[in-house]
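Residue numbers (my numbering), protein chains in the order written: chain A, -6 to 220; chain B, 8 to 226; chain C, 381 to 644.
In case anyone wonders, no lab produced these hints; they're calculated from the structure. Note that the coordinates shown come from a computational prediction; the quantities given were computed from them, not determined experimentally. Treat the hints with caution; some may be incorrect.
Said to hold, decoys possible - Below, computed lysine-lysine pairings styled on BS3-like, alpha-carbon distance capped at 27 Å:
1. K10/B x K33/A
2. K120/A x K134/B
3. K15/B x K86/B
4. K86/B x K16/B
5. K10/B x K218/B
6. K113/B x K120/A
7. K15/B x K78/B
8. K120/A x K86/B
9. K422/C x K629/C
10. K113/B x K86/B
11. K134/B x K135/A
12. K16/B x K135/A
13. K16/B x K33/A
14. K533/C x K5/A
15. K5/A x K534/C
16. K78/B x K120/A
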Amino acid sequence: MIDWEPLLLTLKLALTTTFLLMLTGIPLAWWLSGSRARVKPVIETLVSMPLVLPPTVLGFYLLILLSPSGSLGGWLDQHLGLRLIFSFPGLVFASVIYSLPFMVQPVQSGLAGLPPSLREAALTLGKSRWTLLYRVLLPNIKPSLLTGIILSFAHTIGEFGVVLMIGGSIPGETKVASIAIYDEVEALRYDMAGRYSLILFAFTFFIVLAVHLINGNYFKKKAHDQA
Amino acid sequence: MIKLEFQKKLSFPSGEMNMDIALHMKEGEWVGIYGPSGAGKTTLLRFMAGLLRPHNGFLRINGETWCDTRKRIFIPPGKRDAAMVFQEFALFPNMTVDQNLAFALKRGEDRRIVRELIEIMQLEALKDAKPDRLSGGQKQRVALARALVRRPRLLMLDEPFSALDDDMRHNLQEYLLQIHRARPFTAMLASHSLSTLNHMTRQIAVLSEGKIISEGPSL
Amino acid sequence: MIFLAGFLLPGGCVPQKAAEQGEKLTIAAAANMQFAIEEIVKSFTQESGIPCELVISSSGKLTAQISEGAPYDVFLSADMRYPETLFNSGHAIASPRVYARGQLVLWLADSTVTSLDSPDISHIAIANPGTAPYGVAAEAYLRRTGLYARLAKKLVYGESISQVNHFMHSGAADAGFTALSALLASDLSQQGSWSWLDTAAYPPIRQGVVILNNKDLRQASRAVAPAQHEARQQAAQQFYEFLFSAKCKAILEEYGFLIDNQVH
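Produce the complete structure using the sequences and hints provided.
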């Protein structure tokens, strides 16, 4: 019988992370798309790091940072009684960093591709920057936005190396599907590992397929032909 | 009285341009900005709208300071009582004509002005269409209407008649003059068509390479 | 053989002129053997002149790899079950033989803490009981001493003894159950404090060794280089026997292993 807990935990992690990435990644992408600050290339590089760093390296540094004897971990423990190591919130924190470029880059690219006059028009009409973002910019980059959301989600589903380093494989808390598969293989229970793998594969496949279909406009009604 | 001075160095792929403008205008008048493309007409209008910060300069509308680099005053575009009709229209692709105009309304403001403008500009049939379904001339009318929703004190028009055929151009010019007679505003009209400027404006400033090379009443 | 090139880890070998003996031996050992096996191999190579490569990983991972044809020559597991599985599937030439008994110890970051129930202990690291032999022992210990119910929520699982040690070393875990052999040679022996656990309270950790027969490669290797293949099989046998020599037993004891009928 299949234990659904790791799969549900993976889903919960991916949803929470994606939601938080929308709140943090979109404003960051917005700033990057319009900034000419000298520090911009540095920020862009930092944002890209999770793309190129081996996940275990990221996990390694997070372990050092977040453990109670570490700088951030110690502060959190002392002042907020919060331990991010071996906990679901810790995984969320790590996943947000891990999947950050998957939200920021498509959105930044989409926003940079919008004509500057759209922004200028909205500003001259007396709208605040947030109204501009919410009512003008984001609605006009729907494909990029969708790509960002879906890729962040799918990427978090597949997260392994980081979780392995800082999760502690606690059932119901940090034992996500990718870790469960790994454990099943090590325990030589290949058929169970195969079942989990198939479910994850199918789920991720259909999600990414959805991105391609939406971006390729296969769902859009051909409004141009009706006049 | 509107007084302005503005200096800024701009870099373009084709080279650099030093903007150096000084201008006086009467409030409530139509002022024409004439010059070839690349002369700096759009840049000047953008300065007026608050979309451009000068290196040095000031802009005072009847004693009200909208920009003064020496006193470090800069009122952002949203807070100026000004509107701009962009050369490329800048209609919001995700909104219908009606929504584009309604977007310009202040919070809680009555939709009446939107309905009036749609009527005046003959946009009723198109009001639920999105910009990608409109012709150039139709988009131009929407852009103009949207700028007028706020009944701005200062209206900047950047080549507003370029996409229109003769009939439509004539009609639109008449509408503008009509609205202006009913409730005057100051308008700055940038165009490379001297005939348009002579028809619409009282005063013309000629721009070349970022500087006003001549100025005077129109014909 | 080209296959060896992919499975390299820093091993404590003195590289000898491999041409003389034919090939290097690849020794696969469980994580808790990491430090002991380096010394054993060094001693073996000095004595026999046979160079070796070491592959250190968790018993479970190594077993999985060997099942899929990884070209190791000898496998030293942390238990009997994994090598038994390999024998049953035909990957080992004989049933596993116990080469040492491991000892489970408890390590505490703060030596002033007297009990695992203390609120100062938030996380206790153990190896995954589903896959790691020392994890099985740790969980058994906790259950037999009646501590499991109270401490279960503090447990965090490392995927191997190596990760358990990493959690303790980095300060992420305040306490942990680990292998004495892995603790003694690492930095952990210099921090915190550790104590033996009553061996009656956990099932004996009997670590087994098997010689692998590389059956998937045998046909190919025999055809290509029959003499070299023979030499490797013989070298593997030599290493296997070395494990039970007095010299090797001394090394194992030094690293905290128990040999056969010995008690501490």
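Now the hints, each set against the structure:
Straight-line distance between C-alpha atoms of K10/B and K33/A comes to about 37 Å, which puts the hinted pair past the 27 Å bound. A distance of roughly 22 Å separates the Cα atoms of K120/A and K134/B; the hinted pair therefore holds under the 27 Å criterion. Proposed proximity of K15/B and K86/B is supported: the alpha carbons are some 22 Å apart, at most 27 Å. The straight-line distance between the Cα atoms of K86/B and K16/B is roughly 25 Å, inside the 27 Å bound, and the hint therefore holds.
For the given pair, K10/B sits about 16 Å from K218/B by alpha-carbon distance, which is consistent with the 27 Å threshold. The suggested pairing of K113/B with K120/A holds, with an alpha-carbon distance near 9 Å, which does not exceed 27 Å. Our distance criterion of 27 Å between C-alpha atoms is met by K15/B and K78/B, whose separation comes to about 17 Å. Distance check on the hinted pair: K120/A and K86/B sit about 9 Å apart at the alpha-carbon level, within 27 Å; holds.
For the given pair, K422/C sits about 14 Å from K629/C by alpha-carbon distance, which is consistent with the 27 Å threshold. Between K113/B and K86/B, the direct Cα distance comes to roughly 12 Å. Compliance with the 27 Å bound is thereby established for this hinted pair. Our distance criterion of 27 Å between C-alpha atoms is met by K134/B and K135/A, whose separation comes to about 23 Å. Simply put, K16/B and K135/A have alpha-carbon atoms about 36 Å apart, too far for the 27 Å limit, and the pair is violated.
Only pairs whose Cα atoms come within 27 Å are accepted, and K16/B paired with K33/A is accepted, the gap being roughly 23 Å. Of the supplied pair hints, the one linking K533/C and K5/A holds, its CA atoms being roughly 21 Å apart against a limit of 27 Å. For a cut-off of 27 Å, the pair hint linking K5/A to K534/C stands: about 22 Å separates their Cα positions. The hinted pair formed by K78/B and K120/A meets the criterion: a straight-line CA distance of about 26 Å does not exceed 27 Å.
Violated hints, in rising order: 1, 12; the structure is consistent with all others.
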